[in-house]
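Peer 1: Dock chain R with the ligands against chain A, hints included.
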Amino acid sequence: MLEIIKLKGISRLYKIGQVKVTALNEIDLSIEEGEFVTIMGPSGSGKSTLLNIIGCLDRPSAGTYELSQKRVEKLSDSALADIRNKYIGFVFQRFHLMPALDALGNVQLPLIYRGVFGRERRKRAKAALEMVGLADRMHHTPSQLSGGEQQRVAIARAIVVEPTVILADEPTGSLDSKSGSNIMSIFRNLNREQGITIVQVTHSEEMAQYGSKVVRILDGQIERIDKVG
Amino acid sequence: MALIRKFLTIFVRVWFTAKMAMQGILSNPLRSALTILGVTIGVTSVVSLMGIGEGARLAVIEQFESLGTNVIQIQSHHASVVFEPEYADELVERVDGLLVATPIVNTKATMKWRRAIGSVEILGASSDFPTVRDHKLIAGHFFTSLHVKQRSPVAVLGYNIATGLLNGRNVVGYTLTLNGQTFRIIGVLAQKGNGVADNIDNKIVIPYSTALKLDDKRTVSEIWGKAPTSLDADLAVVQLSRIIKKKLGIGAGSSGSPSVPTDPGIIEKEMLLKAAAGGYVVYDSVMPYPGSGSSSGSSNLSFIGEDIVTITNLNQLVEEADSANRVMTLLLGGIAAVSLLVGGLGIMNIMMVAVNERIEEIGLRRAVGAKQGDLLLQFLLEALYVSIIGTIAGIVAGVWGLGIFENLGYETAVSMHAIKIASAVALSSGLLFGVYPAISASSVPPIEALRRQ
Ligand SMILES: Nc1ncnc2c1ncn2[C@@H]1O[C@H](COP(=O)(O)OP(=O)(O)O)[C@@H](O)[C@H]1O
Ligand SMILES: [Mg+2]
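Quick mapping for you: the protein sequence lines, in order, are chains A and R. Just so you know, we're using the numbering used here here: the first sequence kicks off at 1 and counts up by one. Just so you know, we're using the numbering used here here: the second sequence kicks off at 1001 and counts up by one.
Just chain A, with the same shape it has in the complex (with noise of 0.2 Å):
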């Protein structure tokens, strides 16, 4: 299989002052297309920071990482953005959704930075929300909706571009194990039927059955890797 991630020792200091913290420490990482990893640890162990890093939301202090084949670690912040834009779906705990905009507006904030023209934008828009289920909860507003709904408008606006990877941090820290379920089976169904790669951080060993393999992370450094099942 195709290998479209693969991270070479990639380390990530931060300096608060003169103190130096280490987040990730020579990380050696590959994902396939069509994987579908979780990534376990303590808190503060560096998930946060490493999946940042394969969003390319963030720069690695070394290493290197290649994207698709592509080496992006050096690129610009333009470059980044548009990669961020094209090929990463993001999925965050805390939804991160507008409050000014209904569903629909939310799921094609990113097709607007793709410079894609308001027709087109809200067919595809809406047939990400159907994807989720929420065909009827267009044009409610984040306010409107319940916490699982919110999330599955943020999956919605992940799909939209069609991405290659889906990034999900903790999608399911704040919601309640019902929810939480529904949320894993969606990303199952995606995973399964459209092939998308997805990489996701929990603290739930229930949820972390939904991959199919488990990437455990102490201090920076990859502990071990489980095959789920």
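Quick caveat, the hints were computed from the structure, so don't treat them as lab data. Quick caveat: nothing in here was measured; it's all calculated off a predicted structure. We put the CB at the ideal spot given by N, CA and C, even for glycine. Honestly, I wouldn't trust all of these hints.
[Said to hold, decoys possible] Rough simulated footprint, nothing fancy, chain A against chain R, three-plus residues with beta-carbon under 8 Å:
| # | stretch |
| --- | --- |
| 1 | 1333–1342 |
| 2 | 1364–1370 |
| 3 | 1444–1451 |
[As the list claims (entries may be wrong)] In silico contact screen, one side only, chain A against chain R (beta carbon under 10 Å); selected entries:
| # | residue |
| --- | --- |
| 4 | 55 |
| 5 | 57 |
| 6 | 58 |
| 7 | 61 |
| 8 | 74 |
| 9 | 90 |
Peer 2: Relative to the frame of chain A, chain R with the ligands by itself:
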């Protein structure tokens, strides 16, 4: 093809960024309105204060222009320097730029109208007076050169006098007496309003010859001339000063070096033509030379350092007053513009708050593909919208306020100049004070923006 695609992409981004900037303003209407009000107040004060200043300036110009355009006044300020009335014609002949000239007699007389008696100001002039002053008549006609020659007892009344006599009914053809002599009213002058140092509406104009007879005099101390253009007026002043210098016994063109007086009967002292301050000629004045006062005892020019004859180009008086008023108007505008800066600071303040509040939005936009430029543009446009709306509202309020002032009886003028200045300052301060918040919005690293609570 790729180029068109790229252009369309940019178009969609900019269009939506502009739209989202507007949503940003609408998301907190009260706060935006208060910020806009700050700009509005600044623009309103610039537009209205400068409008009032401009109005005052135009009022002064109007007053001067009521004295006639391209008028040159030759005035003697000393009893020993007087002009024969015929000297006016001589000057017209000798000075190229002079169209006509009239001797002027200012005096007072006791007027009797029916049973009423009162004192009235008399202006003696030649038949050229209406030409010199650009003055029209509303009834009858002006006196002719024949009237002047024959010292006819004819009178042309100023507007206020004429309307006072018969409650506004036509007085032409009636008679009145001045110092006991009967005068026939042959015309009424048009209204001029309160002019500068001249109150023609309350005066009676009669032939200068008749006026001299009333006063028992033969000479005048004032002559008014008229030039066809303002350039001619400037040239005429130069020629007039040379001619009069010569007449007063000062060598032509030798203002620095003393020369032999040619007409000792009038003046025995060396004189000097004083150049006006400021490098350009406001008016020329002939004055005694301060260094040679004690050499001769027979002179009756007992004062030193004061003007004897002044040649005044009224155009230049207008220009002088006008430029002073212009400075005043600009000063008013400048003070008001400071409040525009305060409005700009308000924009900056509110934008900083907005950037902070919407840090999550900023992070999310970056995550889904917004570039730094997109966010810079979005927040800059928000600031610019505030200043544009504030400017438009300020112009409307300023013009409206000027209308109120106009109704209160002040002269005002909506000055395009003021509107341009106010808009330029408001918009550039919106840009200036919007840049920093916009830069700080666009330069937050996306992970930081998303982490912050
Ligand atoms: N912006 C930052 N500045 C300084 N230290 C940071 C920053 N972000 C993360 N860290 C540190 O890096 C380490 C890993 O953080 P993170 O990746 O968020 O952990 P996790 O998501 O596994 O809880 C932690 O020790 C955290 O304190
Ligand atoms: Mg985390």
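Peer 1: Quick check on residue 90 of chain A please, does its C-beta sit within 10 Å of some C-beta on chain R?
Peer 2: 5 Å, holds
Peer 1: Tell me if the interface restraint on residue 55 of chain A is satisfied: Cβ within less than 10 Å of some Cβ in chain R.
Peer 2: At 8 Å from the nearest chain R Cβ, residue 55 of chain A passes the 10 Å test, so the hint holds.
Peer 1: Can you take a look at whether the stretch 1333–1342 of chain R is actually covered by chain A? Rule is 3+ residues, C-beta closer than 8 Å.
Peer 2: violated (count 0)
Peer 1: The hint names residue 74 of chain A as touching chain R; please verify it with the least Cβ-Cβ distance against 10 Å.
Peer 2: Hint on residue 74 of chain A: violated, closest Cβ of chain R at ~17 Å, above 10 Å.
Peer 1: Mind taking a look at whether chain A covers the stretch 1444–1451 of chain R? Criterion is 3 or more residues with CB to CB distance under 8 Å.
Peer 2: It holds: at least three residues are needed, and the stretch 1444–1451 of chain R offers 4 whose Cβ sits within less than 8 Å of chain A.
Peer 1: Verify the coverage statement for the stretch 1364–1370 of chain R against chain A, using a C-beta to C-beta distance below 8 Å and requiring 3 or more qualifying residues.
Peer 2: holds (count 7)
Peer 1: Against chain R, is residue 58 of chain A within 10 Å by beta-carbon distance?
Peer 2: Holds. Min distance 5 Å.
Peer 1: Interface hint check: residue 61 of chain A, Cβ to nearest Cβ on chain R, cutoff 10 Å. Holds or violated?
Peer 2: Status violated, d = 14 Å.
Peer 1: Answer holds if the nearest beta-carbon of chain R is closer than 10 Å to that of residue 57 of chain A; otherwise answer violated.
Peer 2: 5 Å, holds
Checked against the numbered hints given earlier, the structure breaks hints 1, 7 and 8 and satisfies all the rest.
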